[in-house]
Every structure is written in structure tokens, then in C-alpha cells.
Amino acid sequence: MLEHVALLQALDWVAIIYLVGAWLLLSRIIEHPPKSRPSVTVLMSERRRDWMRVFVDRDPRIFDSQILASLRQGTSFFASTCIFAIGGVLALAKNTDPLIGVAQEVTAVMTPVLIIQIKLAVVALFLTNAFLKFVWANRVFGYCAVLMAAVPNDPNDSISYPRAAQAAELNIRAAINFNRGLRAVYFALGALAWLLGAVPLMISATVVIWVVGSREFASVPRDILLKEDP
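Count along the sequence shown starting at 1, add 118, and that's the number in this note's numbering.
Source of the hints: derived by calculation from the structure; they are not laboratory data.
Careful, some of the hints might be misleading.
Stated by the list, open to error - Pairwise CB distance ranges, derived in the manner of DEER restraints:
(1) Leu208 / Gln127: 20 to 30 Å
(2) Gln127 / Ala268: 30 to 40 Å
(3) Lys345 / Asp275: 31 to 41 Å
(4) Pro339 / Glu287: 45 to 55 Å
(5) Asp275 / Ala187: 37 to 47 Å
(6) Gln127 / Glu164: 42 to 52 Å
(7) Asn274 / Ile147: 35 to 45 Å
(8) Arg155 / Ala268: 48 to 58 Å
(9) Asn271 / Ala239: 50 to 60 Å
Fair warning: this is a prediction, and the values are worked out from it, not measured in the lab.
The C-beta atom is built at its ideal place from N, Cα and C for all residues, glycine as well.
Please work from the sequences and hints to get the whole structure.
Next comes the structure, spelled out in C-alpha cells:
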């Protein structure tokens, strides 16, 4: 086994460190951006707080329950998708012949089965992380729903706004975990390029960084969120 792992070249290690480092650093920048350039995640967090403030004196609250239900459905869908994807990756790990053939055609090098399995394991780890984030997001959205139900429908009640603020923070935490899950899925897709070699992996990781970063810092939704209220 160690002999096979030793077949990973220095460039492979550089590529995987680049992938994982980019994933961690990008998440940090998105969740804690400079105040002069907020991300969509940060901007939406403020709108979620606004939502809970408006929620206090809304009657009936059917609209709010429908929104929360749709958010929970989204987390459930992606969690289920990750389970199927993990199963597919594990099935490929047991039968690597098709992948070995493709890799050999592209790189003209015979890749050991264990190396293919290691590369697939990285994809599976990203997908597993995504699954856990989606499940936790779903759970926290559930906490948020219970707390929203406990908010009095009277703005003059002393606990209405403090409890609504707690619900907002739970909503934000759930959304942050949901976004982390989505980023892990993006990087799992990027990690598939490692099957073709270290250079394709670095190119793929760079593309993922651009896609995720541009959606957070240079997208039309961000421009809309930055517009001042009339």
C-alpha cells in the first residue's frame, strides 16, 4: 500500500493541498469578508434579520411557514442527492476498471487501483462533508421553526423581538451550513478532475474558486442586494 501511495508525485500533493486550502480559505473569506465588500451570504444574513423583525406583527403567518418549509425541502433534497452521489463514488471505487481505462487513454500511464481509490476517496470525503452540513442545516431550520412559533403575535410583548432575533440567528446559522454544503459539492465535482492528473485538478479547483467567488462577490443578485431601499 505504501508503495502505491508513493506513486503520488509531488505535483499531486501540491494539487490536493491547493484544492483543500482553497476550499477552507474561500469559506473563511465568504463568511468573514471585508466590511467594504460584503458577500451575498453576509448581505442575506441581514435580510434574514429583517425578515424576523417583520414577522413579529404579521398575521397570519402562513407566508413565513411556507418560506421555512421550502428552505427545509431544499436541504432535504441536497442531503438525499449527496447520499446517492456517495453511493455512486463507492460503487466506482469497487469497480475501477472503466476509470483506469479512461485515465490511461488521457495520461498514457497505467494507474494502480489504489491510487484511483484514493482519488475517489477525496471526492467521497467532500460529499460526506456536504451531506453532514445539509443534515445539520435542516435540523437548525427546524429549531428556527419552533422558535418562530414561540414568538408572540404582539409587538408590545417584551419577549417578541428578542425571541424573533434568536430565530433570525438560528436561520442564519442554518443558511451558513447549507452554503457550506453547497461549496463542498462544488469542490467534490472539482476533485473528480484529479482522476486525469494533478494539473487538471489544479485547473478544476481554480474554476471552482472562480465560480463560487464570483457568485458571492460579483453577481447580479449581490448588486441587487446592495441597492439602497427607496
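Results of checking the hints against the structure:
1. One distance hint, 20 to 30 Å for the beta-carbon pair Leu208 and Gln127, holds here, with the actual separation near 26 Å.
2. Look at Gln127 against Ala268: about 57 Å separates their beta carbons, and that is not inside 30 to 40 Å.
3. With their beta carbons about 33 Å apart, Lys345 and Asp275 fall inside the hinted range of 31 to 41 Å.
4. Restraint check, Pro339 to Glu287: a C-beta distance of roughly 22 Å breaks the suggested window 45 to 55 Å.
5. Roughly 25 Å separates the CB atoms of Asp275 and Ala187, a value that falls outside the hinted 37 to 47 Å.
6. Checking the proposed 42 to 52 Å range against Gln127 and Glu164 shows it holds: the Cβ atoms sit about 46 Å from each other.
7. Separated by about 42 Å at the C-beta atoms, Asn274 and Ile147 satisfy the suggested range of 35 to 45 Å.
8. For Arg155 and Ala268, the Cβ-Cβ distance of about 37 Å falls outside the hinted range of 48 to 58 Å, so the restraint is violated.
9. Taking 50 to 60 Å as the suggested C-beta distance range, the pair Asn271 and Ala239 conforms, at roughly 51 Å.
When each numbered hint is compared with the structure, violations occur for hints 2, 4, 5 and 8.
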